[in-house]
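Colleague: Since each chain sits alone in its own frame, please combine them into the complex, following the hints.
Protein chains in written order, with the UniProt record's numbering: chain A, 1 to 147; chain B, 1 to 142.
Since no wrong hints were added, every one of them can be taken at face value.
Derived pair list, reagent style DMTMM-like, types lysine to aspartate or glutamate, alpha-carbon separation capped at 25 Å:
id	chain 1	residue 1	chain 2	residue 2
1	B	K6	B	D75
2	B	K12	B	D75
3	A	K9	A	D126
4	B	K100	A	D126
5	A	K83	A	D100
6	B	K62	A	D126
7	A	K18	B	D117
8	B	K41	A	D126
9	A	K20	B	D117
10	B	K6	A	D48
Derived contacts from chain B toward chain A, CB cut-off under 7 Å, selection only:
id	residue
11	R32
12	H104
13	A121
14	A124
In short, the hints are calculated from the structure, not lab data.
Cβ atoms here follow ideal geometry from the backbone N, Cα and C, with glycine treated the same way.
Residues per chain, in single letters:
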Amino acid sequence: MVNLSGDEKNAVHGLWSKVKVDEVGGEALGRLLVVYPWTRRFFESFGDLSTADAVMNNPKVKAHGSKVLNSFGDGLSHLDNLKGTYAKLSELHCDKLHVDPENFRLLGNVLVVVLARHFGKEFTPDLQAAYQKVVAGVANALAHRYH
Amino acid sequence: MVLSSKDKANIKTAFGKIGGHAADYGAEALERMFLGFPTTKTYFPHFDLSHGSAQVKAHGKKVGDALTKAADHLDDLPSALSALSDLHAHKLRVDPVNFKLLSHCLLVTVAAHHPGDFTPAVHASLDKFLANVSTVLTSKYR
Numbered sequence: 001m002v003n004l005s006g007d008e009k010n011a012v013h014g015l016w017s018k019v020k021v022d023e024v025g026g027e028a029l030g031r032l033l034v035v036y037p038w039t040r041r042f043f044e045s046f047g048d049l050s051t052a053d054a055v056m057n058n059p060k061v062k063a064h065g066s067k068v069l070n071s072f073g074d075g076l077s078h079l080d081n082l083k084g085t086y087a088k089l090s091e092l093h094c095d096k097l098h099v100d101p102e103n104f105r106l107l108g109n110v111l112v113v114v115l116a117r118h119f120g121k122e123f124t125p126d127l128q129a130a131y132q133k134v135v136a137g138v139a140n141a142l143a144h145r146y147h
Numbered sequence: 001m002v003l004s005s006k007d008k009a010n011i012k013t014a015f016g017k018i019g020g021h022a023a024d025y026g027a028e029a030l031e032r033m034f035l036g037f038p039t040t041k042t043y044f045p046h047f048d049l050s051h052g053s054a055q056v057k058a059h060g061k062k063v064g065d066a067l068t069k070a071a072d073h074l075d076d077l078p079s080a081l082s083a084l085s086d087l088h089a090h091k092l093r094v095d096p097v098n099f100k101l102l103s104h105c106l107l108v109t110v111a112a113h114h115p116g117d118f119t120p121a122v123h124a125s126l127d128k129f130l131a132n133v134s135t136v137l138t139s140k141y142r
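Chain B on its own, in the form it takes in the complex (with noise of 0.2 Å):
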């Protein structure tokens, strides 16, 4: 599902109010995930995840830093994403229904975050974005 250029837009908007808070909400969009979808915990074993976990804190700004950066190159997302692309392809090979569950909850962080700014257009904008980033994160599965 191709990015229109009012959803570029949107995106850049939306990013552009995030600013700073990316490593925030990262960190939060997993809490979520953890909790509302338990079976997400599998692919974390080895981390702490009780509330407030540095490790989470960590692997939040990650996630952050990265969808920052693809928000950046909405022009060439595979390109962009290619090195993390073949990291999940080859070795973390999270299931891809997961990819849905943290795109719901990193949305449900920003509505909660930004009630005002998360209008439905804005909402479309960032769903198709996330999922266009899950997309090419799964595209060298097999």
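One chain only, chain A, in its complex shape (with noise of 0.2 Å):
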């Protein structure tokens, strides 16, 4: 559960109906994987991951991105209950797909940075922090059923 309080679900929502959800994905996901290339290791199936303009480029890595940051908007609709929310996913990223939680927390901090860089000066010290907060949230609710 998040901690947040009603001002702060306010300002994540706002900024939230202001992000292009694919195009942002796309680039949180990218920026993940240029950043950080050992994050590459999930991703093999992807084709040309070797530089960052082929990642940037790269049409999986696109789709995949969106398709993330759809689920991560779907957590947003259920900020008191993200356990409850990702219960699946996180069963999912545990036993079949077998990521290391702390590439959540990885790409958490990259779609800061990404809506920081979108947003500039509206993404005000403040929103940050309710971020910090939403994504540390998500993050934990897809480790949760680790085992």
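Modeller: The structure is reproduced here in structure tokens:
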């Protein structure tokens, strides 16, 4: 459960309504793969990930980034029950995908950086703080069913 | 994780663009860190941490100036940061986890102010730079 005030929830949703989820999703996943290249280990079927340009223009990266961020958006509608919302995905990431939950934290922080890049001054320190709580909550929820 | 020649070029270019704003960005990054990661405030019980605090501004300048100096000495960070390294090891003893938190907030600040220049490659180089600085600053901890 994330501990957000009413104002913080409004601010989070307010910003999210302006986010081009498909675009930002592709950029966030792409930057994860560029800045932390070891994360490419999960995406060997995606084709050319050899350079920053190849990654950022890769259609599978964009598609998958969009999928991931749409799922993140679902979480925003259920901030009071992230663990329940992500239970199945958590099991999937553990049992089938074998993803170290540290990667959820890395991606969450890359998303925060991308939001800052897109929104500039509007992404105030207070708004960032609210989003840090959200990304931490989502990462924890996705790790919750690991065993 | 070693800085390639491309990384070094990216870092120098980035600091060229940051220019005289390093102090402001340092202060903004600190503010973002104190709000986003409240545990970091435990190192500053003697500070006024409210928005616009003169102490945070001054401390941000210290951080910004140190990073600017580091960017000018990429081939010898341990030597350039030796005094700061001693300070952090023997006096400040900031837990190593916190360097990642401030580094993240520095990236957020640069991204917010330089959206066009903050390409994925530059993002990667700056992240590596901050990780290297952090490693040097914690290198004498034990």
